[in-house]
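If you read the sequences in order, they're chains A and B.
Under the working numbering, the first residue of the first sequence carries the number 134, and numbering increases by one thereafter.
Under the working numbering, the first residue of the second sequence carries the number 604, and numbering increases by one thereafter.
Treat the hints as calculated values from the structure; they're not laboratory data.
Ideal Cβ positions, reconstructed from N, Cα and C, are used throughout, including at glycine.
Some clues are possibly wrong.
Claimed, not checked - Straight-line alpha carbon distances no greater than 20 Å define the calculated PhoX-like cross-link-like pairs of lysine-lysine that follow:
(1) B:Lys-630 <-> A:Lys-223
(2) B:Lys-770 <-> B:Lys-787
(3) B:Lys-647 <-> B:Lys-630
(4) B:Lys-787 <-> B:Lys-830
(5) A:Lys-223 <-> B:Lys-827
(6) B:Lys-840 <-> B:Lys-827
(7) B:Lys-787 <-> B:Lys-840
(8) B:Lys-731 <-> B:Lys-630
(9) B:Lys-843 <-> B:Lys-770
(10) B:Lys-642 <-> B:Lys-630
(11) B:Lys-787 <-> A:Lys-255
(12) A:Lys-255 <-> B:Lys-843
(13) B:Lys-827 <-> B:Lys-642
(14) B:Lys-770 <-> A:Lys-255
(15) B:Lys-731 <-> B:Lys-854
As the list claims (entries may be wrong) - Pair ranges (Cβ atoms, derived):
(16) A:Leu-276 <-> B:Glu-779: 49 to 59 Å
(17) B:Asn-676 <-> A:Leu-276: 12 to 22 Å
(18) B:Glu-808 <-> A:Tyr-161: 22 to 32 Å
(19) A:Val-142 <-> B:Lys-606: 53 to 63 Å
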Amino acid sequence: MFGWLKIIVLFAICVFVQIYIVPNFEIYRSFPNLMLIGLVMLCLFFRFSYALAWSAAGGIVFDLYSPMYFGVYTISFLVIFVMLYFVINKFFTEPIFIFIMLAFFAGSLIMDLFPFIITGYKVYLYLLNAGINAFFGTIIYYLFYGRLRKENIYKLYAPFR
Amino acid sequence: MKKYWILIVTVIALIFLGIFIFNSSAKNAIYSSNSSLGKTINGKFSTIGNFFADLKSIRNIIGQNKDLSDQVNQLETEIAKYKELQQENIALKEELKFFNAQKNKDLLGAQIISKSVSPFLEYYLIDKGKADGVIVNQAVLSQGYLVGKISQVYENYSQIELITDSKIILPVIAQESRATGLLKANLEGLYIDNIPIDSELREGEMVLTSNLDQSLPSDIPVGKIGKVVSYSSQIFKTAKINSPLNFSSLKFVFIIRN
Chain A
134 MFGWLKIIVL
144 FAICVFVQIY
154 IVPNFEIYRS
164 FPNLMLIGLV
174 MLCLFFRFSY
184 ALAWSAAGGI
194 VFDLYSPMYF
204 GVYTISFLVI
214 FVMLYFVINK
224 FFTEPIFIFI
234 MLAFFAGSLI
244 MDLFPFIITG
254 YKVYLYLLNA
264 GINAFFGTII
274 YYLFYGRLRK
284 ENIYKLYAPF
294 R
Chain B
604 MKKYWILIVT
614 VIALIFLGIF
624 IFNSSAKNAI
634 YSSNSSLGKT
644 INGKFSTIGN
654 FFADLKSIRN
664 IIGQNKDLSD
674 QVNQLETEIA
684 KYKELQQENI
694 ALKEELKFFN
704 AQKNKDLLGA
714 QIISKSVSPF
724 LEYYLIDKGK
734 ADGVIVNQAV
744 LSQGYLVGKI
754 SQVYENYSQI
764 ELITDSKIIL
774 PVIAQESRAT
784 GLLKANLEGL
794 YIDNIPIDSE
804 LREGEMVLTS
814 NLDQSLPSDI
824 PVGKIGKVVS
834 YSSQIFKTAK
844 INSPLNFSSL
854 KFVFIIRN
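My request is simple: use the sequences and hints to build the entire structure.
Here it is, written out as structure tokens:
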């Protein structure tokens with residue numbers, strides 16, 4: 134119960150910061166996405182319930198504040214969750230540094246795919262935004278690594294041993 | 604197996620939410636619940652964000668400062684001339700009753716509550732909606748210049764689609780040369796496309812909205828012509844537009860209601 138309370142408070146803080154504060158600090162029209170970073174973190178630390186709830190709620194919040202059709206971000210977040218959680222669970226033990234960066238990078242690409250297509254912006258903005266999410270996400274991951282890591286069930290995928 | 608079922612149930616629940624529950628009334632209620640705190644925080648952090656953006660351009664600012672000082676001296680001379688013209692204008696307006704025609708612009712002030720959640724979309728949420736007489740496609744100004752137009756309206760809130768959004772295509776006209784073109788936006792900023800090759804566009808010329816777009820009033824300033832790009836092999840010119848507005852640090856706007 135206490136775990137859910139912490140997740141809800143953290144979610145509320147992330148929503149507030151993402152909607153009202155982060156857009157004021159854009160870096161060449163890109164800024165990090167705290168909802169995405171939180172979701173990827175929860176997937177990387179094998180928290181199924183929290184990650185599912187975060188993806189659903191985060192998608193709804195983004196859809197509420199987005200001018201696009203309802204469901205665009207909700208579907209994107211759920212796709213990210215399904216891909217990351219089940220891929221990690223099936224193939225990896227403790228994720229390595231490159232995989233962590235790739236997880237944030239890929240998550241950002243999926244989330245921004247539809248807006249990128251309809252706005253027709255150049256690819257480098259799309260990739261820059263993903264890079265910024267990967268950079269900040271990796272830093273936050275290692276900041277919380279010691280606190281959140283528990284005994285995970287290790288499965289070694291033979292070809293990568 | 605249990606996890607798959609939980610996932611499936613969640614997806615179905617979200618589809619149900621999206622179709623039956625989340626409509627404009629629900630959005631309006633959600634915006635109302637956090638708009639006052641959001642306005643305060645957004646206003647404060649847009650100033651801080653602007654400070655960091657300004658630090659990056661400090662070298663340009665020093666050069667611009669010198670140019671602006673020269674311009675101020677020149678403008679002070681022109682102001683003296685305009686004051687004389689203004690006196691004459693007031694007299695003419697009173698005679699022709701032209702002054703009353705200007706009061707037809709019904710302006711409604713609004714505050715920006717939040718900005719776009721995605722860097723690809725240029726939309727702002729403001730604190731005025733249907734209840735204040737706002738309707739879709741009304742023009743939005745700041746400091747007399749065009750900011751965008753209303754794209755979605757809720758009971759007490761509205762969304763503005765900025766002219767810096769890549770999907771915007773707006774007919775505009777240059778004030779002196781009367782060259783027409785289409786206002787568009789990309790990562791570098793605003794520009795006019797499809798300008799006839801034989802038009803005599805000049806740098807610094809004011810650009811206004813054209814009466815070709817029925818959705819927006821005409822003669823609203825958009826910006827000034829920057830660099831004009833023209834190639835002999837092409838039939839159209841392109842020109843960069845410099846808007847005096849800093850779109851990322853806007854806090855207050857005005858909606859033209861009529």
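Legend entry - Proposed proximity, B:Lys-843 with A:Lys-255 (alpha carbon, max 20 Å): Given pair A:Lys-255, B:Lys-843 holds - Cα atoms ~18 Å apart, limit 20 Å.
Legend entry - Straight-line alpha-carbon gap A:Lys-223 to B:Lys-827, limit 20 Å: violated (58 Å)
Inset, instruction - Decide if the proposed pair is consistent with the structure: B:Lys-642 and B:Lys-630, CA atoms, cutoff 20 Å inclusive. - result: With a Cα-Cα distance of about 17 Å, the restraint between B:Lys-642 and B:Lys-630 holds, given a limit of 20 Å.
Legend entry - Pairwise hint evaluation, B:Lys-770 against B:Lys-843, where the allowed Cα distance is 20 Å at most: Holds, at roughly 17 Å.
Legend entry - Pairwise hint evaluation, B:Lys-830 against B:Lys-787, where the allowed Cα distance is 20 Å at most: Distance ~15 Å between B:Lys-787 and B:Lys-830 Cα, so the pair holds.
Legend entry - B:Lys-731 paired with B:Lys-854 [C-alpha distance capped at 20 Å]: holds (14 Å)
Legend entry - Given hint B:Lys-630 paired with B:Lys-731 - CA-CA distance at most 20 Å: holds (14 Å)
Legend entry - Straight-line alpha-carbon gap B:Lys-787 to A:Lys-255, limit 20 Å: holds (15 Å)
Legend entry - Holds or violated: B:Lys-827 to B:Lys-642, with C-alpha atoms at most 20 Å apart: violated (31 Å)
Inset, instruction - Assess, step by step, whether the Cα of B:Lys-770 is no farther than 20 Å from the Cα of A:Lys-255, and give holds or violated. - result: holds (13 Å)
Legend entry - Status of the given 49 to 59 Å range, CB of B:Glu-779 versus CB of A:Leu-276: holds (57 Å)
Inset, instruction - For the range 22 to 32 Å, tell me whether the beta carbons of B:Glu-808 and A:Tyr-161 fit it or not. - result: Since the Cβ atoms of B:Glu-808 and A:Tyr-161 sit about 29 Å apart, the hinted range of 22 to 32 Å holds.
Against the hints set out earlier in the document, violations occur for numbers 1, 3, 5, 13, 17 and 19.
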